[in-house]
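What follows is the residue order along each chain.
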Amino acid sequence: MTAEQVADGDDAPAVAPDPDPERRHGALVTSSLGQVVLHPERASYLEVIDGLQAEGFNLCSDVTAADYLTFAGGRLLPPGVVAERFELVVNLTALRQRARVRLRVQVPEDDATMPSLFSRYPGTEAMEREVFDMFGITFDDHPDLTRILLPEDWEGHPLRKDDGVGRIPVQFKDAPGAR
Amino acid sequence: MSATHDTDASPDSELPDEPVVSDDDRPAPRDVTVMDPYATFEGDQEMRPRDEISATELLRQSGAVLRLSEADAARLAAETAGTDDETMIINMGPQHPSTHGVLRLMLELQGETVLRTKPIVGYLHTGMEKTGEELTFMQGTTNTTRMDYLSPLFNETVFALTVERLLGITEEMPPRATWIRMLMCELNRMSSHLTFFATNGMDIASTTSMIFGLRAREALLRFFEEASGLRMNHNYIRVGGVAADLPDGWQETLTTLLADLELQLEDHDELFSGQPIWHGRSQGVGVIGAEEAVALSATGPILRASGVPWDLRRDEPYLAYDQVDFDVIVGTHGDTFDRYAVRMNEIRESMKIVRQCIESMPTGDWRIQDKKVTPPPRARIDESMEALIHHFKIFTEGFRVPEGEAYVAIESPRGELGCYLVSDGSAKPYRMHIRGPSFVNIQTLPHLMRGGLVADAVAVISSVDPVMGEVDR
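Sequence order for the protein chains is H and L. For the first sequence, position 16 (counting from the first letter as 1) is numbered 16 according to our numbering, and the numbering increases by one without interruption. For the second sequence, position 63 (counting from the first letter as 1) is numbered 63 according to our numbering, and the numbering increases by one without interruption.
Don't read these hints as lab results, they were simulated from the structure. For clarity, every value in this text was computed on a predicted model and none was experimentally measured. Check the hints yourself; a few may be wrong.
[As the list claims (entries may be wrong)] In silico lysine-lysine, DSBU-like type, Cα no more than 35 Å apart, as pairs:
hint, chain 1, residue 1, chain 2, residue 2
1, L, K393, L, K428
2, L, K372, L, K428
3, H, K161, L, K371
4, L, K393, L, K130
5, H, K161, L, K372
6, H, K161, L, K393
7, H, K161, L, K352
Generate the whole structure from the sequences, applying the supplied hints.
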């Protein structure tokens with residue numbers, strides 16, 4: 001398994017500065033201020049998660065996302081990772097090894113869908129609902145993908161960068177006039 | 001006749017235009033044909049009858065965490081067959097006194113027994129993560145401190161630690177600042193757990209416990225007021241250090257406070273820990289095992305009460321927790337009583353840490369001498385124009401933080417409190433996310449409530465100790 005991955009890395013064109021980038025379960029590994037970060041492809045996201053779970057990462061600490069609409073160029077991604085508008089950020093913890101990894105998965109704007117981690121980590125249910133609520137990223141096979149913090153009839157996803165602050169008219173109950 | 005008709009027609013054709021246009025602009029209400037525009041429509045988030053939800057969701061609401069065996073699944077299916085007229089779905093909250101704010105629970109009951117639970121949250125949502133993107137790193141702690149209002153100092157600490165990691169000044173922090181942070185956090189842990197005793201006692205109708213808990217907490221709040229000027233939402237721990245040095249004579253104040261608290265905890269032990277009625281209400285109620293707690297990402301006293309020795313203070317030491325001596329309290333049964341006992345003993349451990357802080361508090365600076373993040377001392381402003389400009393610049397523009405992203409987690413009284421920050425190199429965070437332990441821990445409720453009585457549900461909710469300000473953010 002690892003030998004194949006190393007071979008894959010060797011086969012990659014020599015344009016990349018590091019001809020043999022470190023990989024873990026097929027995902028590129030970088031270090032962000034001393035923290036281990038994995039950059040899996042969306043297609044192999046679940047495989048990487050399964051691999052990490054087998055390694056002992058048994059607690060999913062956090063699932064969140066970021067919208068890089070207005071900060072597309074500057075973020076630090078290893079060569080080979082195509083930057084997309086959204087990024088799903090998953091923090092996993094291995095209690096026995098006392099280790100943490102962070103996964104940053106690029107999610108394209110025109111197809112903002114991710115597989116759900118619910119069947120692997122049941123505790124991600126609320127966190128994925130929050131990401132859906134705030135960013136509009138949908139999760140396949142999530143048991144109950146509804147808004148969690150905002151009211152059901154809310155429009156838009158407020159943590160997207162193009163959902164401006166204060167642009168939504170607020171209607172108070174007794175205020176006159178049409179809504 | 002025709003003239004009047006014409007005059008009627010011409011304003012007619014102008015006037016109704018507007019409502020028609022605004023009707024088009026108005027979003028079509030989903031599913032509901034007639035909707036009162038002022039009614040709150042939340043249909044989809046509610047608990048729905050069993051035949052309207054997927055099998056996975058049914059299992060989740062019934063408290064199944066790990067994969068069920070065939071026999072268990074069959075038993076669950078048999079339980080529901082033909083019982084639709086015997087079960088009922090009721091609403092608990094959002095204004096129920098036991099819900100610690102505005103937590104709304106929907107319960108499916110069979111008689112007095114809880115079959116399914118669905119927590120519905122969001123009633124306190126004020127978009128604090130979005131607000132965080134509009135505030136500078138300097139102002140960020142004023143925002144995060146308002147999330148978990150029972151442990152505000154932890155929210156400030158986690159934000160400050162994350163920004164310091166992005167700035168790369170973690171190693172240069174003066175030891176006194178770090179120790180003051182640790183001292184204040186431990187005092188805050190005590191006050192938060194004391195509030196838990198108060199509310200937990202209140203929920204099972206023991207008003208004495210409430211008075212005891214709040215009375216003990218009051219002394220700690222008084223110390224916070226002395227140190228930071230405020231009883232809550234202190235904004236005391238800031239990026240680069242703390243807002244002010246500890247007040248004069250703090251050692252004596254705290255020594256007296258700890259001695260008093262010791263006696264009050266003994267009272268509390270006498271009133272609760274060994275008391276048969278409390279045992280009857282809490283032992284074996286709301287049980288969660290280690291495997292389930294880990295699977296549900298539960299942290300803090302819930303996880304430790306189920307027997308997992310996981311405490312970030314020991315396992316991933318931050319601040320100066322590697323230099324103090326304390327024990328990680330672990331339970332055995334994972335029931336309501338164990339969660340109570342874990343918190344009770346954690347107060348004693350915190351007192352141990354506070355005593356060590358009193359003994360070995362380092363001297364020196366209480367904030368970093370880095371002109372980039374630290375404003376000049378107040379006295380300098382009166383005599384130096386440069387200091388005034390520096391002060392003005394740092395408070396109006398803030399300081400720039402290099403590009404990068406970081407996640408820092410600390411052990412709050414409720415579990416792992418994490419902060420994920422993305423900086424684009426400006427003075428404001430590009431993305432600020434707080435991982436609230438209450439938000440995640442609340443997912444254990446369906447499991448804890450399953451098969452219990454409605455009367456126990458109240459005790460179970462408060463044993464999870466959720467703070468809705470943090471759940472909804």
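Hints, one by one, checked against the model:
1. L:K393 to L:K428: Answer holds: K393 (chain L) to K428 (chain L) is near 14 Å, not above 35 Å.
2. L:K372 to L:K428: Cα-Cα ~15 Å, so holds.
3. H:K161 to L:K371: Holds - the C-alpha atoms of K371 (chain L) and K161 (chain H) are around 32 Å apart, at most 35 Å.
4. L:K393 to L:K130: holds, 24 Å
5. H:K161 to L:K372: Measuring from Cα to Cα gives roughly 28 Å; hence the hint holds.
6. H:K161 to L:K393: OK: K161 (chain H) and K393 (chain L) at ~27 Å, within 35 Å.
7. H:K161 to L:K352: violated, 46 Å
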